[in-house]
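**Q** What follows is the residue order along each chain.
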Amino acid sequence: MIVQRVLSGLSALLLATGIVQGVRGGWIHAKAGLAQVLLHHSWERTQEGGVEEKPWPWADTWPVARLTLPGGGEHIVLAGATGRNLAFAPGYLDGSSKPGGDGTCVIAGHRDTHFSDLDMLEMGQIVVLEDEKGRSRSYRVVTTAVVEERDTWVITDNEGPTLVLITCWPLDSPMPGGTQRYVVWAEAEER
Amino acid sequence: MAKKTFGLVIATVLFAVPTGLFAQEQQEPEPTIGLADVGQGSLLFKTDTPGRYVPAPVQSTEVEIAVRGLVVEATVRQSFHNPGDEWLEGVYVFPLPQKAGVHAMRLEIGERVIEGQIEEREAARKVYQQAKKEGRKASLVEQERPNVFTTSVANIGPGEKIGVRVSYQQVLEYDSGRFELRFPMVIGPRYIPGSKVTTRAKTGTGWVFDSDQVEDASRVTPPVLHPDQGAVNLVRLKVSLDAGMPLERLNCPSHAAQIEKTAGEVHSILLNGVPADRDFVLEWTPARGSEPRAAVFTEELDGSYYVLAMLMPPDDTFTETVRLPREVIFVVDTSGSMGGTSIIQARDALALALEQLAPEDYFNIIEFDSNFTKLHRQSVPAMPAAIDGAKQWVAGLQADGGTEMMGPLLAALEDLEEHTPLRQVVFITDGCVGNEDALFHAIHEELGRSRLFTIGIGSAPNSHFMERAASFGRGDFTHIGTPSEVLLRMGEFFAKLENPVLADIELQWPDPNTETWPEQVPDLYAGRPVVVTARLGTVHGELVANGVRADESWEARTILSVAPERAGINRLWARRKIASIMDQQARGVPEDEVRPKVVEIALAHHLISKYTSLVAVDVTPTRPTDEKMRTGAVPTNLPAGWKYEKVFGTLPKGGTASRLYLLTALIAIALGVFVRQLRGVV
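One line per chain: the protein sequences are A and B, in this order.
Take 1 as the starting number for the first sequence in our numbering and just add one per residue.
Take 192 as the starting number for the second sequence in our numbering and just add one per residue.
Read the hints as simulated data drawn from the structure, not as lab findings.
In this text, a Cβ means the ideal position worked out from N, Cα and C, and glycines have one as well.
Do not take every clue at face value.
A few chain A residues facing chain B, derived, Cβ under 8 Å [to be verified]:
| hint | residue |
| --- | --- |
| 1 | 17 |
| 2 | 25 |
| 3 | 83 |
| 4 | 100 |
| 5 | 101 |
| 6 | 104 |
| 7 | 111 |
| 8 | 115 |
| 9 | 117 |
| 10 | 175 |
Given only the sequences and the hints, what does the whole structure look like? Please build it.
**A** Next up, the structure:
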């Protein structure tokens with residue numbers, strides 16, 4: 001009888017845990033997906049108005065670019081590669097060259113949401129980045145690498161207009177907070 | 192998995208050859224290697240051809256230091272090895288003691304030795320560049336800061352080894368009854384303020400661009416290896432110590448050195464191959480009763496006498512004096528370079544200092560990294576509640592970010608309200624910045640009635656900054672190398688803060704035309720001796736020193752004619768003269784006026800300075816003119832106790848726990864269902 005009760009309790013506890021964890025995990029994906037919808041709206045307003053349009057009233061960031069990956073993935077990029085921003089969208093690293101600029105533009109994204117397919121990018125494929133003013137620029141993927149988080153040379157040691165996409169590695173690791181990064185370098189095509 | 196292997200290999204590639212420096216060597220493709228050809232652990236640097244790399248030069252150092260009485264004579268032999276199969280120029284940026292007078296350099300090629308000549312900096316560089324172009328072996332040693340030097344060695348053949356031997360002299364530090372010999376081995380990565388200048392080629396081979404505030408930034412920032420990549424630049428160091436007095440204590444707090452007593456009071460201290468990742472520190476305390484009261488050495492050269500004199504004010508003048516209330520502003524560096532063990536030492540030191548304050552004192556604390564924060568808007572009385580609050584605040588300090596030192600320095604020197612007769616600013620930092628001169632100038636301009644003290648933290652502090660900042664601030668400095676030293680060193684430091692200074696020090700020499708350096712002996716804090724150098728026409732007579740401490744006058748005399756002769760005292764005198772002239776620049780004298788004076792004295796005494804370098808050139812060319820040469824910066828270690836990521840930053844993160852949540856959800860639900868089933872069975 002006691003065994004039965006213990007097992008009932010345990011089963012209920014496990015199921016509840018399952019639901020809670022499912023919601024937490026799902027929420028991250030829901031947030032990432034939903035945010036992109038809102039962001040697309042604010043992106044269109046940005047394009048029309050030509051000013052920084054906040055995607056929701058309390059946001060402390062705004063869309064700065066639209067990134068189109070060859071597989072059809074299309075992401076609005078937010079200003080600032082902070083943990084909070086990356087939950088909603090890929091983030092543009094402050095201090096790196098502006099999208100469409102002459103230096104290295106760095107965009108980071110979460111490996112389990114927006115950048116989950118980053119390793120599908122192959123050399124020679126074209127990534128398109130559209131800036132706030134609606135100007136598009138094509139970048140050809142030249143190389144990819146797995147590096148350590150301290151390897152800041154991936155950002156600093158490039159020549160010419162370059163787009164660097166960064167996400168956590170391994171892509172399918174369940175644990176957050178690893179020290180490895182997956183990096184894609186793409187060089188701007190002649191305009 | 193190919194990607195992953197690439198990543199691991201590329202992580203060992205660390206430094207880029209500055210473009211444009213070697214334009215003449217880039218016309219045709221050269222034999223370089225691809226990453227696939229590299230074995231594990233190779234140190235490579237990039238070429239201008241993407242994906243091609245060449246091996247970096249390997250450097251090791253042998254140091255021999257002879258201490259006799261007050262004077263240190265040292266030779267540092269740097270050996271450069273070219274592990275690759277093409278010609279190489281090795282560039283090694285390295286530290287020496289900030290008061291070292293470098294007077295000789297020899298280029299050693301196998302059995303052959305070529306003596307270096309002193310030249311004006313540009314002339315020396317021209318001689319070196321010419322030899323480099325012609326394929327002749329050459330070496331050049333230049334001074335970037337009083338404690339940062341660069342050795343360049345041209346035309347090291349494939350597989351070849353070349354030695355460069357540098358000799359210097361210095362005067363020992365004596366403080367609080369203890370002698371200290373400090374030999375720095377690594378330059379702590381310097382923070383460079385200002386915006387980078389990318390419009391012209393870098394002046395050096397460092398990891399940063401030159402900036403508008405630090406024009407030679409790339410010359411003082413040698414590439415730094417991540418500790419995971421292993422240690423480089425092995426040092427073998429031997430000290431022969433003839434203290435000239437019985438010792439109570441002799442120890443090496445920085446390393447596990449072998450210490451042996453050889454003959455009489457002579458000791459031999461040996462380090463057998465340690466990585467260059469911290470200052471080597473040797474300390475000794477004279478036995479009770481044999482503490483030096485005065486020490487004088489002379490040298491006769493070209494009709495003049497050069498004198499080095501140390502005079503120790505006696506302790507017993509420290510009789511009961513009235514402790515004056517003071518306002519103390521603590522400035523603590525919480526930048527990334529303070530990460531690791533340094534921030535712990537800084538917090539401990541600060542907590543101790545806070546306890547030392549009396550209720551009639553005033554205090555404030557400023558912490559800084561890229562920005563600065565004051566604990567209180569202005570100084571508050573040091574009442575117990577305020578001290579407790581401050582200690583809690585200090586305990587929570589974390590190290591991160593840049594080292595923007597000017598703002599907090601000016602804020603600390605701003606004398607808002609005269610609460611107390613004394614005002615003391617205590618700077619707790621590793622001094623790892625590249626804009627020392629600008630900071631010295633600011634201290635000189637803004638000091639007012641404040642006195643500035645520095646506490647150097649960590650395994651490889653910028654001792655030049657510590658010493659000169661305290662000198663311009665008319666205060667004193669101390670070093671805390673390890674957490675275990677905090678208590679002892681802070682104790683000595685409080686004695687300096689709390690006891691009256693020995694002021695108005697005047698010297699009388701037997702010759703009225705004596706040229707003394709420093710010209711004006713600074714005020715002395717507890718535990719410090721008077722140390723001066725002089726050039727005079729005769730040593731027949733006495734040196735008389737007098738001064739005033741807390742209304743009591745002090746006088747000391749020493750007879751010069753009986754002082755022992757020592758070769759090289761003229762260089763110590765010249766080195767101090769150069770330091771004093773260089774200080775004038777921070778006081779606002781234009782460089783055009785300072786430079787010729789320094790060049791004259793440096794050339795006359797064969798000394799390296801900011802404006803003079805030593806250069807040695809082999810006679811016959813060894814590199815065939817049709818073979819190319821590349822430049823490789825020698826990588827350096829991260830100082831012991833530092834955290835690499837705190838200094839050099841990291842790439843943005845890109846992962847969440849969503850998969851972990853979903854995975855645990857799945858497992859929990861599966862288990863839950865299983866347990867439910869189980870219940871039916873039981």
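**Q** Are the hints correct? Go through all of them and say.
**A** Evaluation of the provided hints:
{"no.": "1", "hint": "17", "in the structure": "holds, 4 Å"}
{"no.": "2", "hint": "25", "in the structure": "holds, 3 Å"}
{"no.": "3", "hint": "83", "in the structure": "holds, 7 Å"}
{"no.": "4", "hint": "100", "in the structure": "violated, 19 Å"}
{"no.": "5", "hint": "101", "in the structure": "violated, 14 Å"}
{"no.": "6", "hint": "104", "in the structure": "violated, 12 Å"}
{"no.": "7", "hint": "111", "in the structure": "holds, 5 Å"}
{"no.": "8", "hint": "115", "in the structure": "holds, 6 Å"}
{"no.": "9", "hint": "117", "in the structure": "violated, 13 Å"}
{"no.": "10", "hint": "175", "in the structure": "holds, 6 Å"}
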